[in-house]
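Colleague: These are the residues of each chain, in order.
Number of protein chains: 2
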Amino acid sequence: MPKTQVIGQPLPRIDAVDKVRGEAVFGTDVQLPRMLLAKFLSSPHAHAEILSIDTSQAEALPGVRAVITATDIPEVDTYDPGHRFHAFLARRFVVFVGQPVAAVAADDLATAETALELISVQYRPLPAVLTLQEAILPDSPSVAHGHQTDSSESAAHGHTTVSSDKAVEKPETSPNIANRSIYAHGDVAAAFAASAVVVEHTYTVPTVHQGYIEPHAVTAHWDRANHVTVWQSVQGAFAARDLIADTLGIPRANITLNSTEIGGGFGGKIEGIFSPLAVLLAKKSGRPVKLVLTRREELIGANPAPRSVIRLKTGAKKDGTLTALEAEVLMDAGAFPSNWIMNVITTLLRNNYRFQAWRLEGMEVLTNRVSITSYRAPGGVNASFAIESQLDEIANQLGLDPLQLRLQNLALQGDLLADMQPQAWVGAKEVLMALAGHPAWTDSPPLRVGEDGLLHGRGIGMGSWGGARGPAAALAILEADGKVRIVLGTVDVSGSFTSMAQIAAEALGMSVEQVVMSKASPDYAPFAPMSAGSQTIYAMGAAVKEAALNLRAKMLKYVAEDMRVPETQLDINEKGVFVVGKPEQARSLPMVYQLGTEWFAEHGPLMGEGSARQRQPAPGMAATVAEVAVDSDTGQVFLTRLTTAQDVGQAINPLAVEGQIQGGSTQSVGLALWEEVMYDAQGRVRNPSLLDYHMATAADMPMIETIIVDTPGGDGPYGAKIVGEPSIIPPVAAVANAVAQTIGARVYDLPITPERVWRAMQAGL
Amino acid sequence: MPKTQVIGQPLPRIDAVDKVRGEAVFGTDVQLPRMLLAKFLSSPHAHAEILSIDTSQAEALPGVRAVITATDIPEVDTYDPGHRFHAFLARRFVVFVGQPVAAVAADDLATAETALELISVQYRPLPAVLTLQEAILPDSPSVAHGHQTDSSESAAHGHTTVSSDKAVEKPETSPNIANRSIYAHGDVAAAFAASAVVVEHTYTVPTVHQGYIEPHAVTAHWDRANHVTVWQSVQGAFAARDLIADTLGIPRANITLNSTEIGGGFGGKIEGIFSPLAVLLAKKSGRPVKLVLTRREELIGANPAPRSVIRLKTGAKKDGTLTALEAEVLMDAGAFPSNWIMNVITTLLRNNYRFQAWRLEGMEVLTNRVSITSYRAPGGVNASFAIESQLDEIANQLGLDPLQLRLQNLALQGDLLADMQPQAWVGAKEVLMALAGHPAWTDSPPLRVGEDGLLHGRGIGMGSWGGARGPAAALAILEADGKVRIVLGTVDVSGSFTSMAQIAAEALGMSVEQVVMSKASPDYAPFAPMSAGSQTIYAMGAAVKEAALNLRAKMLKYVAEDMRVPETQLDINEKGVFVVGKPEQARSLPMVYQLGTEWFAEHGPLMGEGSARQRQPAPGMAATVAEVAVDSDTGQVFLTRLTTAQDVGQAINPLAVEGQIQGGSTQSVGLALWEEVMYDAQGRVRNPSLLDYHMATAADMPMIETIIVDTPGGDGPYGAKIVGEPSIIPPVAAVANAVAQTIGARVYDLPITPERVWRAMQAGL
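Line by line, the protein sequences are chains A and B.
At position 181 of the first sequence (counting the first as 1) the number is 181 in this note's numbering, and the numbers step up by one without a gap.
At position 576 of the second sequence (counting the first as 1) the number is 576 in this note's numbering, and the numbers step up by one without a gap.
Warning: the hint list may mix true and false statements.
Note that the list lumps identical chains together, so a pair holds whenever it fits in one copy or between two copies.
Here are the simulated lysine-lysine pairs, BS3-like style, with alpha carbons at most 30 Å apart [to be verified]:
1) Lys-313 with Lys-557
2) Lys-582 with Lys-284
3) Lys-429 with Lys-284
4) Lys-3 with Lys-318
5) Lys-284 with Lys-575
6) Lys-283 with Lys-19
7) Lys-284 with Lys-483
8) Lys-317 with Lys-557
9) Lys-313 with Lys-575
10) Lys-283 with Lys-483
11) Lys-557 with Lys-483
12) Lys-575 with Lys-429
13) Lys-575 with Lys-557
14) Lys-318 with Lys-429
15) Lys-283 with Lys-582
16) Lys-582 with Lys-3
17) Lys-284 with Lys-19
18) Lys-19 with Lys-483
19) Lys-582 with Lys-19
20) Lys-3 with Lys-283
21) Lys-318 with Lys-582
22) Lys-313 with Lys-483
23) Lys-557 with Lys-582
Quick caveat, the hints were computed from the structure, so don't treat them as lab data.
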């Protein structure tokens, strides 16, 4: 492959100026004439029947322009009572605390808040299912019951997925098991019996919020009687439009969905689940309506990441060869099923390492808590915390080096995974070797008791993430001034437009400054997948490359005809198309544009289409070494050093890649040490503010070192692989293992709070 | 060719509901938060030097947010002092009455108007050139002088274009002849000498306004420090953007140009020449600024159609065979040259009919009047009024049927035109024959003196128009709900989107209801030519067809693979892709969409690209028969019957085509009988209101009968030819000839006012 000119250059974001100046328009910044502000009234009950809603007093309040309840929702064919999207206003039953019951649009926020107080709702409280242990009992009340009464279909169908070579049926024991999967292979009992060491524990991960800085924000405006324009902070413009279309029965052609700049999403804003409220209020009031969630509403009622309880049992031979794996995964989906994250947790327990036999049972369990959704590598942390903790314990018991233990058991290309499919090419070994040779690992371990009086230790963790690779399309259009415009429907959540400008520039043979990125709404753009699943560069970048190459080919063709020179003798740079070796024989880019636009043009306008579908997965492997200090009096853990290595293939923009690895690592440390949405016995959130919910900030972190590993694999543009998600997985386990190494005892529940550390020390010492 | 399903169906406009409800957003409807309103101060002098401008009092007026003069215009490389676009604010000299000198943006219109009164401008009046006769004198003051002082280049370069086989040089006689063209062939003197009849007259056409209902309207908003969004009532979104970019030195990527719905343009709003005022005021005020011209400002200072003085001399043999043609065309360009319209007038005098010899001299003359631009078939009426009047006079003198005289002299395919290029295929004969067999012509002529006491008569006129055929591009994108979205940058000025939806539906094999037309700004759309030159269906329609066919081909390919059926056995309808003869074996359109968007997809998203360049011209021929009644006491002319036949090839939407022919015919009647922008001796418009400037309305018109003629020719989509412009050309001459036939005398000056008719009757009888 010839050396690239633009790919691999560390570039600051092309949107940096707009953002630094505060000029970029985020969802919360949208202002329209006569715009109203919206608030919603939410359920104080985890489970109750709505007997009546009286909105008359609220409606009578001056300044209130519209009040809506479920009766305002149009009847649509696509209504699915078992889906959170359609429960944007509770119908007969409320099924979690925080579920919207009514909403108002008013001239100002104070009036809207007053109006909420004037809405009178009569509830009949019903028994709520709040714990996983309770939820899976055969006689547990059915969570789905409440919102299923309108439908004969049951979302909680409790079906069994058997994906491995040996089906193991299990009786359906509870109405709240929405989905169950079993992956089984080999003789697990025999493999355990032949093991030198067997470790078994139960690992819990709590509910956490995705932690985007900007809350959900959406503004809707019916600019014509049958057409609504929506501005929304959202990760997937097409997904957001489809949600509005399907929940409100609006034809897609009648919805313009402008995705704004977005202050983070991390999987929590893929569709922007609150948009139907704003759209419906705007319809009823006849005015533009903006809805921005408060942090409290975010923490109580948005769509956090799932908690899980994983019982895990692992065996190994004396030389460290892993033998058997047995797991039971309970994932709390909240009041509505999500289907796929539980499967990710269950299979990821198995998929990084080879085992002779395994039996993995996963259950998605419904409870009367807020429903969940993705958070950066959804389920990855849940699984990694369990298996990586257990591997460390095995290494410890066998007296083996934890990095070597991982190296010798890696599931590499061709090894069968949990679902009996062969592993793709992965850079797992290369990532571990990069750490093995790095000062983060080769430096002498910190003294157990430091000069600071704290205990010190080091730990390692590994993680993998498959990533998405959806179909994606883009256009490259030559402009009158010689710039090339890339038109695409992608939301730029993490600087991906800068990297895609690099891809386009490389393909065209121009400089990045020649490329203009145009984010188009689904009214104008060909399909773009959501900016999630780490697929933006891998999938959409491929479409951008294809579009740019197609444009380049047409430019060469047009100029070859115009100059009567063979195409093979032509090349392109930022000035124009020129004869190789004779740069004075050239057509400037504006002249090339005219070859497809002016009266004398022989051809149509110059554009290139890119419609891509990556054939190969490009899994991302990451590993982290963490060093911690522990105050033995209080149990408080201080992170002192963190190094994450990740195989990203070719880093299109190393600056952006480093930022991604540092961001993921920071979030992961937060999950390890601090974050938890805490619930009381009535299913109410106890800590719905950032004072009581400790999200990691720069002040909490040491400098995070990153190691970019570049291995082949996949068929991404210029050798790129997925980037965004893998880095959030391994630091949790690295920190947990560092703490265990430091205190000589282990915490099996996240977050690793001072109390838990102190208790573990008391028990273990 | 197989029979079409959708093409040729008369369909109401797909945007009818939005427009009838008043929901369509026109340029004047745009509202933004904190929006200011703009007014400009214009020159009271036809020619003067600006000695000083004091804006301090205006700036001090409460509510005034910005005042600009030429000193606020940034220095740009592309500055061209000889171009009207760049004279949006006068620099050192004003060169026509109405030229903007300063502009203000204020909280409301009243404040803006008051502020204008507070701006003090000191002028030194200079001699103004106001008549064509004066302008072409060798010692005439130079009109270009004023705005040329900043530049060494002279726009009034007076160069000579010789396009025929025989060059005839002429000394440059005046500084105000901006362009001169001579087309000459054969021995003119000999041909005249051999003629049985020679007719010579001078024909004048006055300045007229294009008569769009909505005035120029533009709103500009700097949404970021370096990015301006513009909403504009304009015919060419790309042209409008380029004008702003070039006059203000703004990179194209920093301009978003949203073309709004447009209340007519007819050539007068191709670029929307006032936009730099709004953009500059918005920049200076930091607020959105809207500028909407008043009718008075439109009639005084926009960009009307040119007046002309044509001396024409025609010879014919006794049998009616035309022999020689000699012409001198003076076209008044106003203060800035326009280059091409004069050539159109000059060549159109010759191009519909064969001559043995000709000498045509055209001069574009600068005067201190407002500069001119296109108006529906620019120059067509100027030429047609002269030559068609003269043909009628020849027929009359030779006692020949005027329709037959035209038939026998038609310049048909292969005949050499004024520029010695061969005539394309034209449906001229077919159009005349359609009239010849139509009751409009075969009915007994009206009694010379009717029962109403008025004089009656009938006349015929013919006209041709080449039309534009710019390169054009569009996209066809399959949507989630199975609709097909056509994305294009075209402004829909006349229902063309309905016709293009028909083209797309026909190409896809679907119904029109399945097609969604998406007008995209130049930020997202591939290049679209201006909606002018009758090219929208002919050129952009071809791109739409190509895009739809490409999409269809991909849909068939995807489904063939998915169903394992050969593509040749598949067909498409509005429900989906199905196996021919087995409609139960099908993939619904939403399923086909998923073949390019879902996880399981084998391919990228489904879209089709269309980038078209029509190779062949498809000239439009039109002919009109008019019947009039004349009050011999007052000279007033009443139009009693009008029938226009036009060759449009295949009418995509006959309803739209009829509307176009009726609209063009109505405008033409207005030009024939009523319209004239009248100037006083100081170059000031005397009738700047619709009370004094009589535009044709429905109340003035009889029902206009249309005859759609469909002949082959060109390479338009489904046999379509150009439509919009030809119908404005022949009615002027048909009415003039009907009047002449009625009163037995001829009016050589438009409009044919009662006074002129009365005077002609006095002279002729």
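Colleague: Please sort Lys-313 with Lys-557 into within, between, both or neither, judging by C-alpha distance up to 30 Å.
Modeller: The answer is neither: 63 Å in one copy and 50 Å across copies each exceed 30 Å.
Colleague: Checking an output row: Lys-582 and Lys-19, CA cutoff 30 Å. Within, between, both or neither?
Modeller: neither (42 Å within a copy, 57 Å between copies)
Colleague: Using 30 Å as the alpha-carbon threshold, which applies to Lys-283 and Lys-19: within, between, both, or neither?
Modeller: between (32 Å within a copy, 20 Å between copies)
Colleague: Treating 30 Å as the Cα threshold, decide for Lys-283 and Lys-582: within, between, both or neither.
Modeller: neither (63 Å within a copy, 44 Å between copies)
Colleague: Is it within, between, both or neither when you check Lys-3 against Lys-283 at 30 Å Cα-Cα?
Modeller: Neither: 55 Å inside a chain and 44 Å across chains, both beyond 30 Å.
Colleague: Using 30 Å as the alpha carbon limit, work out where Lys-19 and Lys-483 are close: within a copy, between copies, both or neither.
Modeller: within (23 Å within a copy, 37 Å between copies)
Colleague: Given identical chains, is Lys-429 near Lys-284, meaning Cα to Cα at most 30 Å, within a copy, between copies, both, or neither?
Modeller: Answer is neither: 59 Å inside a copy and 60 Å across each miss the 30 Å cutoff.
Colleague: At most 30 Å between CA atoms: does that hold for Lys-313 and Lys-575 within a copy, between copies, both, or neither?
Modeller: Cα proximity of Lys-313 and Lys-575: none, with 63 Å in one copy and 53 Å across.
Colleague: Between Lys-284 and Lys-19, at a C-alpha cutoff of 30 Å, which is it: within one copy, between copies, both, or neither?
Modeller: between (35 Å within a copy, 22 Å between copies)
Colleague: Please work out whether the CA atoms of Lys-582 and Lys-3 approach to 30 Å or closer within one copy, between two copies, in both situations, or in neither?
Modeller: within (22 Å within a copy, 54 Å between copies)
Colleague: At most 30 Å between CA atoms: does that hold for Lys-575 and Lys-557 within a copy, between copies, both, or neither?
Modeller: within (17 Å within a copy, 39 Å between copies)
Colleague: Is it within a copy, between copies, both, or neither that the alpha carbon of Lys-317 lies no farther than 30 Å from that of Lys-557?
Modeller: neither (64 Å within a copy, 54 Å between copies)
Of the numbered hints given earlier, the model fails hints 1, 2, 3, 4, 5, 8, 9, 12, 15, 19, 20, 21 and 22; all others are met.
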